[in-house]
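Each chain sits in its own coordinate frame; assemble them with the hints.
The primary structure of each chain is shown beneath.
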Amino acid sequence: MRASLYARRRRRNAVAMSLSLAATAIGLGWLVLILGALLWEGFNGLSLKVFTEMTRPPGSDGGLLNPIFGSLIMTGLAVLIGTPVGILAGTYMAEYGRYARTTSVVRFINDILLSAPSIIVGLFIYEVAVAPMGHFSALAGALALAVIVVPVVIRTTEDMLLLVPNPLREAAAALGMPRAYIIRHVAYRAAKAGIVTGVLLAIARISGETAPLLFTALNNQFWSSNLNAPMASLPAVIFQFALSPYADWQKLAWTGALIITFAVLTLSIVARALTASRRQS
Amino acid sequence: MAEVALRQETAEVAIPSRAQVLVRMRLADKAFQYLTHAMALGVLALLGCIILALMIGSLPAFRAFGFEFLLTQRWNPVTEKFGALAPIYGTIVTSFIAMAIAVPIGLLVAMFLTELCPLWLRRPIAIAVELLAGIPSIIYGIWGLFVFAPFLQVHVQPLLIDAFGEVPILSSLFAGPPYGIGTLTAGLILAIMVLPFITSISRDVFEAVPAVLKESAYGLGCTTWEVFRNVVLPYTRVGVIGGMMLALGRALGETMAVTFVIGNAHKIAPSILAPGTTISATIANEFTEAVGDLYTAALIALGLILFGITLVVLALARYLLLRVERRLGA
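Read top to bottom, the protein sequences are chains P and R. The first sequence begins at 64 in our numbering and counts up one residue at a time. The second sequence begins at 3 in our numbering and counts up one residue at a time.
Hints are computed from structural coordinates only; laboratory data are not their basis. Just so you know, even glycine gets a beta-carbon here, dropped at the ideal spot from N, CA and C. Any given hint might turn out to be false.
Here are the in silico distance ranges between beta carbons for each label pair [what the hints assert, rightly or not]:
#1 R:Ile-94 - P:Ala-85: 26 to 32 angstroms
#2 P:Ser-110 - R:Arg-124: 36 to 42 angstroms
#3 R:Leu-61 - P:Leu-109: 46 to 52 angstroms
#4 P:Val-168 - R:Leu-235: 30 to 36 angstroms
#5 R:Leu-73 - P:Pro-308: 34 to 40 angstroms
Here are some, though not all, of the chain R residues that point toward chain P, as calculated from beta-carbon distances under 10 angstroms [unchecked claim]:
#6 Met-27
#7 Ala-30
#8 Asp-31
#9 His-39
#10 Ile-127
#11 Arg-231
#12 Leu-301
Here chain R stands alone, though its shape is the one from the complex (with noise of 0.2 angstroms):
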């Protein structure tokens, strides 16, 4: 600040000069804004050159195989015979299963946070769900291929075959023999990864509930559970389901953890027990590999539709996210 009093006072004395320093002061300004507007519109570009890209890349693997890529199941790099239903279907069970696990487990742990837990213990666990929610995924997929799927392969999935081998839908949804690695194992993983993730959005949902209609549901005689279930989650409806979306969008597009564990199978398989592939997985696994422009424009195609899949869940949720906020703003 002295610096610009002191050019000012200096340019007092010759007065062209100073008209000229108030010109460039005034073309710098409009110059950093100009940059930072350009900056800012450059988010925008940067969605549309990505989608662009991904549309470009993937158009030979469409023109080969038009609408029909979405619906076939085999995949063939021999005879380049591309279809993306095994990875699609992958994708949508994996995510499916971790959150039909995470979400309620999730609610459960963020409501023990807001509720039950003593006020002293509510901000190290707090902490250290966030924490563990940035920890990378390669570190998850890494236990699951070590730790887990041998220990799935042992102990869990022979009982689980055993368990339901004469139900009669459940017997082919956990028929043949324990690989350890698979969907389920997939899944699974998938659950452990997003659920520090589900419990810090929801718990930052839970603790935006007003006091009072917490305290007044008390005052009737409510127990904590029917406060929870009556009071906290009707009020933060909205919020929890867009941090589940959220939380969904990542289990869609996770790669690394998912990779690790799931098998890489071209196949649709009946059994959550057999080893299948994700649309990520295959990107990960394939592309480096892939020869001839059709395997390669097949594999961008994947990686569009995973975007779209995507980018819908997360509009949605963000839109949804938005509309808390507005309403705790109002």
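Chain P on its own, in the form it takes in the complex (with noise of 0.2 angstroms):
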């Protein structure tokens, strides 16, 4: 009786455990499979045409650089836009409101923004830039993309200013700083690791995001650098290419697919250790 008793318990755990371990090796094994087959598709159509060369009908081969270009141009215009509404913000949850009753409520809202569904953020820009100026635009794309940092980057510069010690601060004021000053001369140099991720991470964030900008910036066929006009970006371009029945198209879209990942895995890789190094010093 009491044998079966432990032999029953054995059983039941060695049964979970290896539930536990098939679990992990298909999950894992899972995403492998994805990796796999977008490094194998990737690097079979990348060349250097792909960094040279525009968009082309089907049939003649072409490259990806215009979509290139526009992904760098609203990346960079949405972080340039994004960035310091989200630090300012930051900086109120931080140090002036950091026990005021408005900072939570914020911090609720900005938690739920960060992932809220990025289709509507699309849907939200068509309404209030691309309806009243009557047609499509790169600066409404990159509008979409800054409303996707913000969230990120308030998070971050919260909780990095959080963590930089009181007695710096007192010290600061000690000397007879203003507190404006001290926030920005010694609360943010402190922090500035810290920040410098949430920027990074927010970059990595919109670099791959499509919704947003199905409608916004559209897509162009061709070379633009007009931020009044529609611009082609790598996840439009490869949402386009990928449903296209032309199989060179659809090459291109996993080759484009491919550089998107590598961008993102490099940034967030650069981020991890910039936080990694802060933490051990």
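Written out as structure tokens, the structure reads:
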């Protein structure tokens, strides 16, 4: 009787543990499969042409130069718009309003915005920017991406400023520095690596975003650096090319996907290294 | 700092300008404070603006169809008759499939990472999982379209159709020709996509369990499974549920991974092998092609519904996670 109870418990444990192992193998294996396919198909189409030529009609092989350029421009603009807003808002939450009721409300709303569906952001910008202007534009695309940047930057800025030890602020205040000065010259400096990490994570987040660009920046077959006109972007081109029936377009879509994944992984690893080195020191 | 000291020293000589400097400093100080305050309040305004813009944009659709918009299946751009039932149904079913698969697997992986895995392997796997959670969803979409859907069509779906062909209820659930793309495929892709997310959240929550609790259970002679089942899970219940809701919020609003493989058919089919559509896929596919105000308004109305659903789910998730944080802080 006793022996059988022990045996049963041990058996149950063994079953659970093997399930756990199997789940890990399945989960990781699946992701390896995806990355494997991505590397295989992506490298297949990778050549210098991808970075030097424009997108072409199916049949004549082209590259991805204009969507890469468009993605860089719109991502850069979005960071330029979104970062100051995010840092300032995060500053209020960690410095002036640390114990204010507003801060907890803003934090709650911000956390929701952080994981809100990005296609909604696209609809929103369409309503407030594209419809009044009457046409799609790169500027609207950048605005949509900026809306996604802001919550990410707010979150990390607040977290990182809260990590700055208070004696630093007190010492600066004892020297007679005004509060804004303390924040800008002491707190920001102490939290610099963390804030930069937040910006990098935000870039990683938006560089693969497709949904908010579909009906703000639209797409463009040709080279365009006009911010007031539709502009190509890597994700939008991948979307268009992958769903097309042409083999050479599909190949380019895979290559584009590889480029995006590579960029995102690099950014996240750099961001991680930045905070890790900080934690050690 | 030296700059400030220097400026004040020189100001000492000419007293009126020192006062001026101080006033200017105080003004700048206040200005900076108000600026940051305004930006923080801007976040609230942003949410308000999004809701307001969607409401205004969807007004024509709700005025034309009223409450019936939520309850009808028809979606006919030619006659301009729209109903949201099929996309809503598709959104819920795909998310349900995704959660039903990803939650148990994610929890088991998190258990492996916190209880079983050799110490030296924990950090690398955890980092890999977190990096994978950040991969853009379009990657999952393109893989689903070119690799996963054909595989399902040839190898898995015929098996399912054969296996459940005779079983009363399941036969209609798994009926029809194997298209490859469809509701089930979309659900599976979503499951793969939220898996790293669920794993990394649950791992964080599990690691917060005090070692003393687990050690005392082991000391009483519990097996690893019993410790997990009777100590770790009850202790972290609220956090785990919060994390799952967060993942659900993602699955509900996910666009690109689904759009590639769902098939975009505006009808509710009893079979989950058949093509369907979700709210986000409908918007992504049709918005730029929508002609006429009513069509656009109907799509924005879909967006409003999606935003409403995800807001509720995410708010609940954040509330639960906040409760965990408070308890850990106390």
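Here's how the hints hold up against the structure:
The supplied range of 26 to 32 angstroms is met by Ile-94 of chain R and Ala-85 of chain P, whose beta-carbon atoms lie about 29 angstroms from each other. Hint check: Ser-110 of chain P to Arg-124 of chain R, Cβ distance near 40 angstroms, so the stated range 36 to 42 angstroms holds. In this structure the supplied range 46 to 52 angstroms holds for Leu-61 of chain R paired with Leu-109 of chain P, their Cβ-Cβ distance being about 48 angstroms. Separation of Val-168 of chain P from Leu-235 of chain R is about 32 angstroms and conforms to the stated range, judged on CB atoms against 30 to 36 angstroms.
About 37 angstroms separates the C-beta atoms of Leu-73 of chain R and Pro-308 of chain P, a value consistent with the hinted range of 34 to 40 angstroms. With a least beta-carbon distance of about 5 angstroms to chain P, the hint placing Met-27 of chain R at the interface is held under the 10 angstroms criterion. Satisfaction of the interface hint for Ala-30 of chain R is found here, the shortest Cβ-Cβ separation to chain P being roughly 6 angstroms, below the 10 angstroms cut-off. Because the smallest distance between the Cβ of Asp-31 of chain R and any Cβ of chain P comes to about 4 angstroms, under 10 angstroms, the interface hint for this residue holds.
At a threshold of 10 angstroms, the smallest CB-CB gap from His-39 of chain R to chain P is about 5 angstroms, leaving the interface hint in force. Nearest Cβ of chain P to the Cβ of Ile-127 of chain R: about 7 angstroms, under the 10 angstroms cut. The hint holds. Taking 10 angstroms as the C-beta contact cut-off toward chain P, the hint placing Arg-231 of chain R at the interface holds, the least distance being around 8 angstroms. Taken as an interface hint, Leu-301 of chain R checks out: its beta carbon lies about 8 angstroms from the nearest beta carbon of chain P, inside 10 angstroms.
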